[in-house]
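Undergrad: Turn these sequences into a full structure, and let the hints guide you.
Protein chains in written order, with our numbering: chain D, 3 to 129; chain U, 3 to 129; chain P, 3 to 129; chain E, 3 to 129.
There's no promise every hint is true.
If chains are identical, the list can't say which one is meant, so a pair holds when it fits in one copy or spans any two.
Think about it this way: if two alpha-carbon atoms lie no more than 20 Å apart in a straight line, the pair counts; the simulated SDA-like pairs of lysine to any residue are [said to hold, decoys possible]: (1) K11 - M87; (2) K6 - P84; (3) K6 - I20; (4) K6 - A58; (5) K11 - Y64; (6) K11 - P70; (7) K6 - T52; (8) K6 - G62; (9) K11 - L66; (10) K11 - E50; (11) K6 - S56.
Since the hints were derived computationally from the structure, they do not count as laboratory data.
Quick caveat: nothing in here was measured; it's all calculated off a predicted structure.
4 protein chains.
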Amino acid sequence: MDGKGIGRKVWAIPGGHIPMGSAEPEPEFTSRDELCLLNTNEQPAQVEITIYYSTADPVGPYRLTVQPRRVRHVRMNDLIDPQAMPLDTPYASVIEADVPIVVQFYRLDSRRAENAILGTIAYPVDE
Amino acid sequence: MDGKGIGRKVWAIPGGHIPMGSAEPEPEFTSRDELCLLNTNEQPAQVEITIYYSTADPVGPYRLTVQPRRVRHVRMNDLIDPQAMPLDTPYASVIEADVPIVVQFYRLDSRRAENAILGTIAYPVDE
Amino acid sequence: MDGKGIGRKVWAIPGGHIPMGSAEPEPEFTSRDELCLLNTNEQPAQVEITIYYSTADPVGPYRLTVQPRRVRHVRMNDLIDPQAMPLDTPYASVIEADVPIVVQFYRLDSRRAENAILGTIAYPVDE
Amino acid sequence: MDGKGIGRKVWAIPGGHIPMGSAEPEPEFTSRDELCLLNTNEQPAQVEITIYYSTADPVGPYRLTVQPRRVRHVRMNDLIDPQAMPLDTPYASVIEADVPIVVQFYRLDSRRAENAILGTIAYPVDE
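TA: Structure (structure tokens):
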């Protein structure tokens, strides 16, 4: 890579829903939603996540930094400021960064004894 | 966000197929297809869903509203007007809104005792 | 819809691999790869699928028709002309149509007693 | 196909994480991440993969060739030069080729007795 960051500055993932309960050993198998944020830039990416709900106003921003030339996998379950993320509740995430990044969504659903997983590249918003 | 809605006005998801039967407790583990609709606009999104089948004419529109700055996760199983959605039948969804939205597709297949899940951003139609 | 077909004329899905074996009742739970083809046009879509392999020349085209305003879910396992699709073999699909369509990929892996599934919109080739 | 290669030259997949451990028979059910690389060109694709980590500098390039008109499914677990890929570690992949290719990501998680799978088209970087 030539140091030029790849990706987009705004991403969205409408299908958030942290499963409640885990039938398998934690923290490895904790049911969770994750955002996977790749920053290929030579500078830090300042990221702001806004959470949309079905029956309440949006909450945010949740602020975090992805260091230069690093990836960061963020468990949504762990976001607590400005408000702890609720379990078993439909939500959507809008991710905004000050430099281009790439965003993927991942879920591990371990409510039953066996794993179920899903993953998709988030929606890259047109600029 | 500055109030400008993100996304597209037309989306498609060809791979619909609501699994018939659920080996786990309902409604939490009911086998289902879901559309996850994010409206980041300051105004409501009027949404029309048209269902395409393999051997019958399209059915629709199914009308619903997503309130401003809200997400809505819609179980396809619950759509009944103008016609109840059939189970165990291949179908496709075309989603049209009067303002830009973002659409994700989700399936929970609980026909066996353990979960299986999939999720993908829908296809954003070129405008 | 106004009758104008949505989508693209060329799609690709590199990750084909039909699982060999099914631990659950067939044909409902047969392990399989599927292509889900949506034709929103007022005319039939003539589709040609070319299969790429790791160590052999491409095979095709596999020809099929999607009727106007219909969806068709095609089990790759069922493609036999010009050559039966092999199981447990890496392959890729390139899908070409004479009108715009939308393509989604689905896998059911039932080699174990419980289901595993995945699904993703195929890659829409730039035109 | 007319021999003109389809796809893009740069792709990214932020959500890498090879599951550690396999409860099912190997190598068929080995827990793994895979990159599925389709080269529809009439010439070989020279591919370079760079791996990004959370707390260490990027490693690469991992070099490999995809022959003309071939697909190649690469288990990330098998990449050892310039450095063996670690298990149970968050990472991202950036894939660069000298001709257009198409890239899909796949995971088999067999840490429990039953399979879990996910798959998504990688993010095609704007050119």
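Undergrad: Taking each numbered hint in turn, which are not upheld by the structure, reported in ascending numerical order?
TA: Hint check: 1, 2 and 3 fail, others pass.
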